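Just so you know, we're using UniProt numbering here: the sequence shown kicks off at 1 and counts up by one.
Possibly wrong hints are sitting among the right ones.
Claimed, not checked - Simulated crosslink set (SDA-like; lysine to any residue; CA at most 20 Å straight-line):
1) 88 to 45
2) 70 to 26
3) 45 to 27
4) 70 to 34
5) 2 to 249
Said to hold, decoys possible - Simulated restraints, written as ranges between beta carbons of each label pair:
6) 184 to 373: 37 to 45 Å
7) 39 to 183: 40 to 48 Å
8) 12 to 39: 17 to 25 Å
9) 423 to 162: 24 to 32 Å
10) 102 to 11: 38 to 46 Å
11) 102 to 390: 44 to 52 Å
12) 391 to 87: 54 to 62 Å
13) 390 to 162: 50 to 58 Å
14) 424 to 250: 58 to 66 Å
15) 329 to 66: 29 to 37 Å
Please keep in mind that the hints were generated in silico from the structure rather than gathered at the bench. Please read all numbers here as calculations on a predicted model, not as lab measurements. We treat Cβ as the ideally placed atom computed from N, Cα and C, and that holds for glycine.
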Amino acid sequence: MKVNPKSIEYNSIEEVLNFVRDYNAGNMLRFLNAIEDNSGNILVKEEVQVKESALTRLKEIKGQYNPEFKIKLTKELSGQIQDKLAEKIVLQLKQTDKKFLKFMYEENKFNFKGIIRNGLNNRKHLLSLFKVYEKNPHFFKHICELGLLSLGIVLIPDALKYKMLRRYSFLGGIFMDIARVTGDQWNRPFPDDTEKTRIAKQCANFMQKLDLPEFVCSAASNHVPLGLQDNVEVVAAGPKKSDRENPDETFFAELMVDDGESDSTPDDEEDAGLPDKSEDVLRELLTDSLKIARYIHTVSSFTHDKEYVMEELVYFLAYNTSRGYFNEVLANPLVNLFKQFEENVKRMRKLAEVEMQCLHPPAAWAYPKPKASQVLCKNKVWDCPNIVQGWDIHVISSQEAFGWVGSSLSADHYPKCKLEEELDSLPEIEPKKAEKK
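Based on the provided sequences and hints, a complete structural model is requested.
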């Protein structure tokens, strides 16, 4: 299959029939090229509506003609693909195993389906996602979840009613990994923030070629929190240069041709029109929405404790917001969705406050999270006056980086910190309850 701004090309009648069936396009089919039999006789003329009987006949006489089908992308057919693709994106809310993502949309009163559909008005955006869906459905699921998370994050706050913010947040999320489609590294966590930043910038550069607005590309390029990777062992264990991920843009090569026609179609959803805030304001909000979406998706996808991942997300979303990693306007409404975890959220915020009393930040680490009973010095600052001599803490297995974005706690001996005394005043964490079936 080849996709360019003017046509979708198939090399078998079966592929054409599958396309017609999947996109309900039976009365919209026109070929840019005439279909001729092996003797040069025209079986189907170019630029005419192809009847279902003609397709059936082509299937019956397979092998008696050159199977080259260039389906013309009329505005009517593009609109049909837009409808169906939007449905497939929304369907991911039912199919996803991300409980946090599902919960975000359960009480949502916005017309998010309209926002998603109209976010695909641009032909390059639409066709690039169409090709991803057809060629790599697993990756399509991955980017859909990122897009839905980013959109959900800006839908929730009552204070954020800026025109186009929702649409651009959705587009930024669904496209911020787009250039990774031909590899398999997207299905594994990044080894460190350096690699995550490198890939983010490469994907953002490619987003510009797909005609996404500059401030959306900038947000995608800069959504990785910087300066937080303080575990040198993680960096040392990263991939060799020869094994590093290298996004391949050739997957979309045919879409880079200008078709000379309008790329967009009119829309009628509430985000329509020009942004009513400056691009700088939108860029900042988009960067934060993508940052939170990436964090939620990473934790949801790669945590070992799948059964209680939603609880963990609430704990540490609150924790990292209190530490200043996430925008409170965006993150706090997310936390407030989970009233049943309120006491646990309060405890994680208190843990962050205790850690922020560190004399050599960021060295204090409440351990083990979230039911912390000790505080250790992660950076082993032995001359710190808060060190409790002779009571080292032995961490027998490494901890995942829920609480510290871009970092982890390796198995090792660590000095004990006097801040541990502050933990006595923290509220108790409620026991986890098994999910009702």
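Hint by hint, here is what the structure shows:
1. Using a Cα cut-off of 20 Å, the hinted pair residue 88 and residue 45 is violated, with the two alpha carbons roughly 33 Å apart.
2. Between residue 70 and residue 26 the CA atoms are separated by roughly 15 Å; this keeps the pair inside 20 Å, and the hint holds.
3. Annotation: proposed proximity of residue 45 to residue 27 holds, straight-line Cα distance about 15 Å (limit 20 Å).
4. Straight-line distance between C-alpha atoms of residue 70 and residue 34 comes to about 9 Å, which keeps the hinted pair within the 20 Å bound.
5. Taking the CA atoms of residue 2 and residue 249, the gap is about 14 Å. The hint holds against a cut of 20 Å.
6. At roughly 40 Å, the beta-carbon separation of residue 184 and residue 373 lies within the given 37 to 45 Å, and the hint holds.
7. In this structure, residue 39 and residue 183 meet the distance hint of 40 to 48 Å, their C-beta atoms being roughly 45 Å apart.
8. Taking 17 to 25 Å as the suggested C-beta distance range, the pair residue 12 and residue 39 conforms, at roughly 21 Å.
9. Look at residue 423 against residue 162: about 41 Å separates their beta carbons, and that is not inside 24 to 32 Å.
10. With their beta carbons about 39 Å apart, residue 102 and residue 11 fall inside the hinted range of 38 to 46 Å.
11. About 49 Å separates the C-beta atoms of residue 102 and residue 390, a value consistent with the hinted range of 44 to 52 Å.
12. Checked against the given bound of 54 to 62 Å, the beta carbons of residue 391 and residue 87, roughly 59 Å apart, stay inside it.
13. One distance hint, 50 to 58 Å for the beta-carbon pair residue 390 and residue 162, holds here, with the actual separation near 56 Å.
14. Between residue 424 and residue 250 the beta carbon distance is about 60 Å. The supplied range of 58 to 66 Å therefore holds.
15. Checked against the hint of 29 to 37 Å, the C-beta distance between residue 329 and residue 66 comes to roughly 59 Å, which is inconsistent with it.
In this structure, the hints that do not hold are numbers 1, 9 and 15, in rising order.
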